[in-house]
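All chains should be built: construct the whole structure from the sequences, respecting the hints.
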Amino acid sequence: MLLEVKNLHCMVDGKPILKGIDLEVGEGEVHAIMGPNGSGKSTLASVIAGNPKYEVTEGEILYNGKDLLSMDIEERARAGIFLGFQYPVEIPGVSMANFMRMAVNARRAYLGEDPLSAAEFLRLMREKGAVVELDSKLTNRAVNEGFSGGEKKKNEIFQMAMLDPTLAILDETDSGLDIDALRIVATGVNKLKRPDNATVVITHYQRLLDYIIPDYVHVLYKGRIIHTGGKELALVLEEEGYDRIINEYNN
Amino acid sequence: MSDADKILDEVTGQDYKYGFVTDIDTDTIPKGLNEDIIRLISAKKNEPGWMTELRLKAYHHWLTMEMPKWAHLDIPEINYQDIIYYAAPRSKPKYQSMDEVDPELVATFDKLGIPLEEQMTLAGVAVDAVMDSVSVKTTYKDTLAELGIIFCSMSEAIAEHPELVQKYLGSVVPYSDNFFSALNMAVFSDGSFCYIPKGVRSPMELSTYFRINAAGTGQFERTLIVAEEGSYVSYLEGCTAPQRDENQLHAAVVEIVVLKDAEVKYSTVQNWYPGDKDGQGGVYNFVTKRGLCRGENSRLSWTQVETGSAITWKYPSTILAGDNSVGEFYSVALTNNCQQADTGTKMIHLGKNTRSRIVSKGISAGRSQNSYRGLVKVGRKASGARNYSQCDSLLIGDQCGAHTFPYIESDNPSAIIEHEATTSKISEDQLLYCNQRCISTEDAVGLIVNGYAKEVLNKLPMEFAIEAQKLLSISLEGSVG
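In order, the protein sequence lines correspond to chains A and B. Residue numbers for the first sequence follow my numbering, so the first one is 13 and each next one is one higher. Residue numbers for the second sequence follow my numbering, so the first one is 47 and each next one is one higher.
Check the hints yourself; a few may be wrong.
Result set (PhoX-like, lysine-lysine): computed pairs, CA atoms no more than 25 Å apart in a straight line [what the hints assert, rightly or not]:
no. : chain 1 : residue 1 : chain 2 : residue 2
1   : A       : LYS203    : A       : LYS243
2   : B       : LYS323    : B       : LYS516
3   : B       : LYS500    : A       : LYS164
4   : B       : LYS311    : B       : LYS244
5   : B       : LYS90     : B       : LYS213
6   : B       : LYS500    : A       : LYS149
7   : B       : LYS471    : B       : LYS323
8   : B       : LYS323    : A       : LYS164
9   : B       : LYS103    : B       : LYS115
10  : A       : LYS65     : A       : LYS234
11  : A       : LYS65     : A       : LYS18
12  : A       : LYS65     : B       : LYS471
Examples of chain B residues toward chain A, derived with CB under 8 Å [said to hold, decoys possible]:
no. : residue
13  : SER456
14  : LEU478
15  : LEU493
16  : ILE494
17  : GLY497
Hints listed in this document are in silico derivations from the structure and should not be mistaken for laboratory results. Remember, predicted model here, so these are calculated numbers, not experimental data. Positions of the beta carbon are idealized from the N, C-alpha and C atoms, including for glycine.
The structure is reproduced here in structure tokens:
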């Protein structure tokens, strides 16, 4: 199993947010996590990625059978966990090329591979930029600086392509995207799909799941996964909302 | 401990990497300062009478002055009688090849990662290595001599080119200018002299490495650069110093004269011992640097990367006297731990249509205090003068300070003066983002700081830019959160 989350509890500023999450993600799978606002979706993504702001109080996470919680955030990243941020930050003055070169070579070093030469790196940038139709001019600009909302999200998928993760978690990558950008982002994700990697998509809207077809859909509510179904569940949720499932759970 | 605290803690926990003492015999004189000491220094250097007299005049003037107190600096009392004012490597060497150079000295440069051999082979770089106070080595001199360029130690210049030295020494920074310039004229031990004749473009970057090396010895460098009509030179100065427990006083003076249609680029990377993380030790760096754009269409560009010293008091300035002359100042000043820096520039517009540009990037970490102080002055006759100033501050952690003191004085209504300022912080979110992209916090801080300072670093000659980039990262190293 690629990822096993067992009875995960987590607190933020002394307040419990996750209250016993169980989740298994296998190779080649696509999981969607849905749920009303404030249910803990982004927290789950952050905890798996290793954001030190979140305090795990109970439970464990295994990644390829290894204890993930003992690894710090950059080690998890180097081991192949990628988090597509909901709000990617701007880093003025740092060019995308420099940033990505440092990132890619840090991951390669972890994997025991030699750093890429300048020429190899540029070739990789061009190749992966095409996956999300990223304007090559953007890679000459500073990280996310002056990028539109859509460009920032495309840039997240571009970075995902560059780093070639084993487990990608996309935190509301679809929010703020128009339909064209949504299609490009989703197509990018699909192109990167392989039998030996996995994607967890966190979303509010069913529409993303028209393009990224999930194997499983989970409903997260008040820090717990209260329902799991197949891809058809997303359509049901789109029509009915979460009320029925929440009511069933409460009863 | 929050992430920010951890980063702060580790940033401030970083020790100076270049702390070591080179074991070379030095020829020193007794502590203290009086007429006899000055005569002794002058005698040791076999100086002509006029130089001795100039030193004594400066000394007597210095006695009437007080140390300036206006800077945003907390300077401990300095006992000027407790300082050794002269130290020279024991045997004054005049080497023809590297083999003759004291192996200890070579090892010192090796530790710094700037071996002389490499410097010598680096295309286009002539090195005049100053170890303590006497010039130890000058290279590429022959090549330069063919073009009529004089590049030598100040002592040599006084002996061999007295007419040039007498004409220009003190012409831009007279000894009476300030407390430290008076002290410097009285006791300066050596420095560099550079003369570019009319119409000559120096084919290589001229560079000097200064180091402070004898325990308890103040270093008083004197540099004089004269660029004759239509000439061009790029001059580099870089420094690091060995670790010391007691404070070391450094009061250098740099004077630059730029004549009609000439251009001088002066670049500095300064990395003297900043003291330990509790503020013990470290170099006191009180420097007067000033250039005079005397002729029409002359240009002077200062670029500095300041990462060292416990206290920095330094304002490389330009007097734009010639019509259409241009002055530039590009600065990165990084302070960490308990360092204090009060640095900036003065642009004095006297000629018509003179232009100046100031780009200052301050970086404060630890418990340091970092101030930009700048004056833009436009004289009555300087019609059409133009200035653009940009002062940015970057804060790392929440215990440091960044301050900006811009002064603008304009006596001409046609002047256009612009001032922009920003203050920013390296945010936890930025570091987190980098971490999630496999980049360690330490590397992320280096990346962000270098990105922030890029505009200034780009102004440095290539080989210096790379060294400066490393220096910025090293100075903030240990910041893994």
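Against the structure, the hints come out as follows:
Distance restraint check for LYS203 (chain A) and LYS243 (chain A): the Cα-Cα separation of roughly 19 Å lies within the 25 Å cut-off, and the hinted pair is therefore satisfied. Restraint check: the Cα-Cα separation between LYS323 (chain B) and LYS516 (chain B) comes to about 20 Å, which is no more than 25 Å; the hinted pair holds. A hinted pair counts as satisfied when its Cα atoms are at most 25 Å apart, and LYS500 (chain B) with LYS164 (chain A) qualifies at roughly 23 Å. Among the hinted pairs, LYS311 (chain B) with LYS244 (chain B) is consistent with the structure: their alpha-carbon atoms are about 17 Å apart, no more than 25 Å.
For the hint pairing LYS90 (chain B) with LYS213 (chain B), the CA-to-CA distance comes to about 23 Å; that is within 25 Å, so the pair holds. Distance restraint check for LYS500 (chain B) and LYS149 (chain A): the Cα-Cα separation of roughly 19 Å lies within the 25 Å cut-off, and the hinted pair is therefore satisfied. As the CA atoms of LYS471 (chain B) and LYS323 (chain B) are separated by approximately 21 Å, the hinted pair is consistent with the 25 Å bound. Under the criterion of a C-alpha separation no larger than 25 Å, the hint pairing LYS323 (chain B) with LYS164 (chain A) is inconsistent with the structure, at around 40 Å.
Taken as a hint, the LYS103 (chain B) and LYS115 (chain B) pair is honoured in the structure, with Cα atoms around 24 Å apart against an allowance of 25 Å. Taking the CA atoms of LYS65 (chain A) and LYS234 (chain A), the gap is near 19 Å; set against the 25 Å cutoff, the hint holds. A C-alpha spacing of about 20 Å is found between LYS65 (chain A) and LYS18 (chain A), which places the hinted pair at or below 25 Å, so the restraint holds. Using a Cα cut-off of 25 Å, the hinted pair LYS65 (chain A) and LYS471 (chain B) holds, with the two alpha carbons roughly 19 Å apart.
Given the 8 Å rule on beta carbons, the hint for SER456 (chain B) is violated: about 31 Å separates it from the nearest Cβ of chain A. The interface hint given for LEU478 (chain B) is met, as the beta carbon of that residue sits about 6 Å from the closest beta carbon of chain A, less than 8 Å. Using the Cβ-Cβ criterion of 8 Å, the hint placing LEU493 (chain B) at the interface with chain A is satisfied: the shortest such distance is roughly 5 Å. For ILE494 (chain B), the interface hint holds, the least distance from its beta-carbon to any beta-carbon of chain A being 6 Å, beneath 8 Å.
At about 3 Å, the closest approach between the beta carbon of GLY497 (chain B) and any beta carbon in chain A falls short of 8 Å, and the interface hint on this residue holds.
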